[in-house]
Amino acid sequence: MKDVKVLGPGCKRCETTEAMVRNAAERLGIDAKVQKVTDYAEIARYGVASTPGIVIDGKLVHAGGLPREEKLEEWLTA
Amino acid sequence: MSASHLAESVTPAAGSVTPAAGRRSSPLLWYGGTVLVLALWLAVYIGLRPAADALTGFLPVARESRLGEALAFFLYDTPKVLMLLALVVFVMGVVQSFFSPEKTRAFLSGRREGAGNVMAAGLGILTPFCSCSAIPLFIGFVQAGIPLGVTFSFLIAAPMVNEVALGLLFGLVGWQVALLYLAFGLGVAIVSGWVIGRLHIESWLQDWVRELNATGGCCRVPEDEITGVERLREGLASMREIVGRVWLWILAGIAVGAGIHGYVPAELMARIMGAEAWWSVPAAIGLGIPMYSNAAGIIPVVEALLDKGAALGTTLAFMMSVLALSLPEIVILKKVLKGRLIAVFVAIVGTGILSVGFLFNVLFG
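So the sequences go chain by chain: A and B.
full-length UniProt numbering numbers the first residue of the first sequence as 1 and each following residue consecutively.
full-length UniProt numbering numbers the first residue of the second sequence as 1 and each following residue consecutively.
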């Protein structure tokens with residue numbers, strides 16, 4: 001069970017990122033709990049300065065802009 | 001997004017083959033293709049003027065009439081602005097792939113005020129920035145111990161002196177004006193940030209931001225190794241995104257510009273926005289604050305205003321205040337800054353823009 005957090009306030013890219021994560025997890029058949037984090041204080045705690053960010057099992061793997069599909073799969077399968 | 005579509009159409013049997021495999025094309029193809037597209041772009045761009053004139057000729061209105069003037073402006077400017085925008089955003093997307101807010105933050109942390117303000121303003125142009133991530137960026141900077149004034153230099157420069165503004169000014173109004181805008185935009189960002197730093201008003205941040213600051217401690221953001229082809233792809237992606245987001249603004253801006261072009265008499269403009277009318281600079285700034293547009297929408301208007309004899313200082317002050325001080329941004333900033341600090345921010349940046357406006361009108365009036 002992967003614990004995935006998508007960091008980002010309400011912006012469009014953040015929503016797209018969340019959808020990409022869900023799609024990728026489903027496609028790869030990975031059991032993942034995907035959560036969106038919108039609270040600024042909590043986002044700041046992960047040390048990102050740009051959103052959307054992606055945290056997998058407590059580890060920050062991506063910050064700023066849309067993730068690339070192949071990278072996303074890499075992180076999810078790691 | 002098309003990529004995810006593609007991936008979904010892959011049958012489950014082929015599930016082990018990642019969609020990336022199909023798209024991994026050779027670097028040579030990418031570089032060659034880029035050069036080819038750029039050459040094509042240039043050819044089309046050169047041909048725009050005659051094509052637009054020919055097209056206006058077919059319309060049942062006299063070229064010299066007001067409507068004819070407005071239509072000619074619209075027909076020529078629309079493709080021109082869109083093409084310029086696409087090129088500028090692509091090039092800057094590639095350049096910005098070398099920068100990230102996290103790298104900029106690491107670079108700026110521990111810098112002293114003064115030199116820090118100058119570097120922050122400069123990096124504001126080069127670092128990818130969108131207003132929706134202004135808050136995380138602000139918090140991230142403060143958290144990393146970057147002085148408040150240096151953070152503000154970055155936050156003022158980033159939306160005001162951006163690649164879209166510079167590229168379009170360069171293309172539509174001329175390189176001299178673009179260069180002046182660059183120099184004075186940076187100047188306003190550097191000086192305003194420095195002044196805010198001098199005031200020592202860290203206590204005017206919202207309390208929760210200061211508490212975060214006290215706990216400190218940032219994580220390291222992973223950095224991807226990134227190839228030349230991926231940089232090109234990044235440029236393409238930002239082109240798709242930004243052009244997709246702002247093209248409607250541009251059309252609106254050009255329509256307003258076309259209206260000014262065809263219908264606003266030049267002497268009226270000279271009287272209202274000319275160098276003689278000293279009050280026009282503060283009026284232009286006051287008008288600019290509640291207006292929210294992005295660079296792409298405002299520059300066709302700027303072009304038309306200048307063409308009609310509006311003074312350079314007044315026009316640039318108007319543009320700066322539309323871009324750097326906007327109500328939606330102020331509302332967002334309210335989450336991290338107390339009202340007093342926002343008032344100080346608006347007052348200082350406003351004063352800076354005012355000085356630029358007056359200075360230009362005196363120098364070039």
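Hints listed in this document are in silico derivations from the structure and should not be mistaken for laboratory results.
Even for Gly, the Cβ is constructed at its ideal location relative to N, Cα and C.
Among these hints, one or two may not hold up.
[To be verified] Distance ranges between label pairs, derived from CB positions:
#	chain 1	residue 1	chain 2	residue 2	range
1	B	Ile226	A	Gly29	48 to 58 angstroms
2	A	Ala78	B	Phe107	27 to 37 angstroms
3	B	Gly286	A	Glu15	29 to 39 angstroms
[As the list claims (entries may be wrong)] Okay, derived cross-link-like pairs now, PhoX-like style, lysine-lysine, Cα gap no bigger than 25 angstroms in a straight line:
#	chain 1	residue 1	chain 2	residue 2
4	B	Lys335	A	Lys12
5	A	Lys59	A	Lys71
6	B	Lys308	A	Lys12
7	B	Lys308	A	Lys59
8	A	Lys71	B	Lys335
9	A	Lys36	B	Lys80
10	B	Lys334	A	Lys36
The hints, checked one at a time:
1. B:Ile226 - A:Gly29: 48 to 58 angstroms: For Ile226 (chain B) and Gly29 (chain A) the Cβ distance comes to about 29 angstroms; the hint is violated.
2. A:Ala78 - B:Phe107: 27 to 37 angstroms: Since the Cβ atoms of Ala78 (chain A) and Phe107 (chain B) sit about 29 angstroms apart, the hinted range of 27 to 37 angstroms holds.
3. B:Gly286 - A:Glu15: 29 to 39 angstroms: Holds, at about 36 angstroms.
4. B:Lys335 - A:Lys12: This hinted pair holds, its Cα atoms lying about 19 angstroms apart.
5. A:Lys59 - A:Lys71: At roughly 15 angstroms apart (the allowed maximum being 25 angstroms), Lys71 (chain A) and Lys59 (chain A) satisfy the hint.
6. B:Lys308 - A:Lys12: 39 angstroms, violated
7. B:Lys308 - A:Lys59: 57 angstroms, violated
8. A:Lys71 - B:Lys335: It is violated: about 33 angstroms lies between the C-alpha atoms, which goes past 25 angstroms.
9. A:Lys36 - B:Lys80: 40 angstroms, violated
10. B:Lys334 - A:Lys36: Roughly 23 angstroms between the alpha carbons, so the hint for Lys334 (chain B) and Lys36 (chain A) holds.
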